[in-house]
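Undergrad: Listed below, chain by chain, are the residues.
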Amino acid sequence: MCVNGIEHTLTVDTRTSLLDLLRERLGLTGAKKGCDHGQCGACTVLIDGRRANACLALAVAHSGSTIATVEGLAAERELHPLQRAFIEHDAFQCGYCTPGQLCSAAGMLEELRAGRPSAVTDTDPVLSASEVRERMSGNICRCGAYCNLVQAILEAGR
Amino acid sequence: MRPFRYGRAADAAEALALATAPEAKFLGGGTNLVDLMRLGVEQPAFLVDVARIDDRIEETAEGGLRIGAGVRNSDLAADARVRARYPVLSSALLQGASGQLRNLATTAGNLLQRTRCSYFQDVTRPCNKRAPGSGCPAREGEHRNFAILGWSSECVATHPSDMAVALAALDAIVETSNRSLPLLDLHRLPDNEPERDTVLEQGELITAVRLPPLPFARRSRYSKVRERASFAFAVVSLAAALDLEDGIVRDARLALGGVAHKPWRAQRAEEVLRGEPATADSFTRAAETELAQARPLRDNGYKIHVARNLIVRTLSELA
Amino acid sequence: MTVVSRSLGVALDRIEGREKATGEARYANEHLHEDVAHAAVVQSTIAKGTIRSVDASAALAVPGVLTVLSCANAPRLQAHDEELALLQSHRVSYRGQIVAAVVAETIEVARQAQRLVQIEYEQEPHDVELRADHPRLYRPERVNPSYETDTEQGAPDGALTAAPFSVDVTYETPSFHNNPMEPHAATAVWDGGDTLTVYDSTQGSAPARQTIARVLGIDPECVRVVAPHVGGGFGSKGDVRPPALLAAMAAQVVGRPVACSLTRQQMFDVTGYRTPMIQRVRLGARSDGRLTAIVHDVVEQTSTLEEFAEQTAVVTRMMYASPNRRTTHRLVRLDVPTPSWMRAPGECPGMYALEAALDELAIALELDPIELRIRNEPDVDPETGHPFSSRSLVACLREGAARFRWADRDPTPGARRDGRWLVGTGVAASTYPARMRPSEALARREPGGRFLIQVAAADIGTGARTALTQIAADTLEVEPERVRLEIGDSAYGTAPVAGGSAGTASWGTAVHLACRRLLDSDETEARISSEDTVEKREPYSRHAFGAQFVEVRVDTETGEIRVPRILGVFAAGTIVNPKTARSQFIGGMTMGLGMALLEEGILDPHFGDVVNHDLAQYHVPVYADIEEIDAVWIDEHDPHLNPMGSKGIGEIGIVGTAAAVTNAVHHATGIRFRRLPIRLDQVVEAWHGSE
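Protein chains in written order, with this note's numbering: chain E, 1 to 158; chain V, 1 to 319; chain A, 1 to 691.
Just chain E, with the same shape it has in the complex (with noise of 0.2 Å):
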């Protein structure tokens, strides 16, 4: 398994979440476990460059694939566009759902690029406020950052 570029031979119990094998064996805590089952999004991580829940993915079942995590969106020293757009914007409060904001943001963004529908625009979709909310809420965010969550994810999507 890749990780943010590092490749990986592990061992794992078969039951071993991605999730928990980021942050128990890697020591990569940034993505969160909200909830576990697939319902809050703080676990959001890119799986072979598509985002998706990492507390659902079993690790055995992404041997091979290509991980990448909110530890790997910063290039160097240099904070990604969404990172910088986060802080921006105050995009978070307690930033326990921030990780897999980010990540998920990042694989919506490049979703909407390519021309992928939504519930909003079934063709040609364009970056908006509607698009962002409607493919954003997977990822739950109970201190109510949502509106500076929208805002910092449409400059940064520009």
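Hints listed in this document are in silico derivations from the structure and should not be mistaken for laboratory results. Some hints could be false.
[As the list claims (entries may be wrong)] Output of the computed footprint for chain A on chain E, the stretches with three or more beta carbons under 8 Å from beta carbons of chain A:
id, stretch
1, 16-24
2, 28-34
3, 61-71
4, 94-107
5, 121-134
6, 146-158
The C-beta atom is built at its ideal place from N, Cα and C for all residues, glycine as well.
Place chains V and A on chain E using the hints.
TA: Chains V and A alone, transformed into the frame defined by chain E:
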């Protein structure tokens, strides 16, 4: 979870061979199965990973589509042919789950997902589906979001899939390792053996879903009523397609979600509609005919009104 | 949005922003990985009764299981709070109570073994349903934290009878659950067997340390609680919760660090919640709208273990003028978990009922609801007679009305349609006390003209870390970049919890005093306590105020309610950081929207607990639920507060929101819903009757 062995199948033949192991289950994206395993509801001893098998969408000779069992929900929803020819299917998928879940979930996994009844999901509570004969606490307990059609004293749960409702409206055929069968026959009603959601046998593998050609499916849509604006299961949903000529309904396809143990193909409503003018009046009559057979529970009678209004609205939008 | 000084009023980015955005910020179970074992809890499946036997043999037989703790073998605790007497007794007092803990090498093994612990119970019949006529309702001695239970002024009953206009309405709310994004979790490490470090997800490392030490029966000097980052709390992490104690006990038994985390499902039972309530509000008024009588009676629940009486009607004592007034609280002990703080305890549910009832009165009077409130604006605190240190409610209402274009509103309910949608707007007032508690703080000079500040404050998402940095920088008259602030560690002295919206005021005052002492002396270090300052405050009535405006659309065909616009206008003294303050106001209003339309802990009386115990079934707002939302504030200068002139703002956002939504739904539909959440089934039934 109890410990289990894992095997990844390269093709259907290998999957079937691996599935002969005791207490084996097929693993797609895992978005429901892993969830249920973590809850202790499902406890397979062997997981046969079939997610990478049959992951293509192909044209069929008759002019329909063959959707591989391993096609991810997001890819199915985004497929240009699906969007153009069966928009109800794309729309249903896009209104279900979340972007992340759709990227993992597979066609077969989506069909086989199990009810989200809170009693079913909680192994410390009785549930005829999970523990046959133990009772159905939902009957007298919390059931606001459960069935108004086809339920039995054994089980009042609903099927949670949006995709399945669209496929039901489209007369989809499910291909398995043993047979082909109409999707409408895949899921059971809970009259007896509520523990069996589908007619599939142990070790039977869904390989594909075939969509017959249905030219008027271009005029179709999926409407979903839910408590919050996104990322929620349907309270009531409707997949509808209308074949109109000169303001008369030549043919119609209607399937309701959120109302029964399986996608509810509204055949009585379809019969009423055929040959009738495409007016709110006809639509209302069709809806009321279908819903006349509804048997609400103590707290979910409101669904009858919602379903009726949803049918009238959606058909009016299509007309 | 005035910049008050070089640092106060500046919209600084959150100090820990980079850490949170890069995944570097460490939360409770993320500090240690070497040698850490994992604990998983086992919950009771009965609501009342006794444990007859615990058979851990199957669990212990699983390779990797280190121990199973239960009432049969757990270390003895000296818990003063029965909810903290974990694994001490055979009694079961609510369904979901923790009755055992499995400790194992890995999370997977712990969770497997958790299901293998066999417990036999003697079950007794349980009583879990709150009713206004419950025979065991009683009058608690005090309501949270120490208010009078009942108050009465004048002769409210006579005044109600005599009033030309009156309303007598009862509002009901279910249990609400805090559901912070980070589940409650802690990692405990014993060093040499007698000093304990707990990495805890807590709203107060200092009080947590005291409580943990007390319960474990050890010297607080031997306990350290560390919590630099906390993934939300909203009140549920104000008290010590099971993970810290279980981890400590387990670590003692197995001789290595133990991490304990609750699952999302478990959080619904053992981390506190807002009690369900039945609130009867009676208002009497003259034809000009002046209130002649206000009566607010509250019925709520607590557990059989501990008494927690939410101070729901206390807000009615100071909101509006009236010569006759009564407020009462009645409690019943049920076989349920102990309720606890959830964002704005007291004010939040109390104002829901009061502000909705007031709206009903306005309609009966045919008077604009904003005008009604203005006409009843008190000159002094109606209960204590103290002057308000500052009260800008009227200004908030007027400002909000202008921004929301309230003057264009046709007050006729059900008059505004947009296709299949009915549209309505509603308004409600909010308030929250501006409290302050004593705290310690340290300020130290560092090389290079820099400063170190240490205070056992907690930033649970409030932005406290940033606000405190600004306060220190302001006092020291340096740029914020020269200040290094360390929080979230009980080693930094005593400090109150992040709660009661008192954090910034409390810690900030101590920080200010420490910085002042440093500047005024030649010392390199100043360590102070703000106790004297806090105690010497003059008798004013100190509250923040606000007004909330909501627009709703109700789908006449499906009953779905959507909220296209929410506006909050607040007056809270000095706003230390406009960026983080706005986030707090909006966060509170977002939670208020959930309270009004989505959230409900669904109790199944047959089992005795909440059955919809996860985030797929307990609906909190998602992105798509929040459309246009904004918070603004009135400049308010109040010299009677604290050195910053600030009032707490973390909770006021939720306070008026549910009433504003309820009022807007009435305006849209003509139907007055008196039960939350106003979900579509309730709306459809109101239109069609239940069949």
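Undergrad: Are the hints correct? Go through all of them and say.
TA: Results for each hint:
no. : hint    : result
1   : 16-24   : holds (count 4)
2   : 28-34   : holds (count 7)
3   : 61-71   : holds (count 3)
4   : 94-107  : holds (count 7)
5   : 121-134 : holds (count 3)
6   : 146-158 : holds (count 5)
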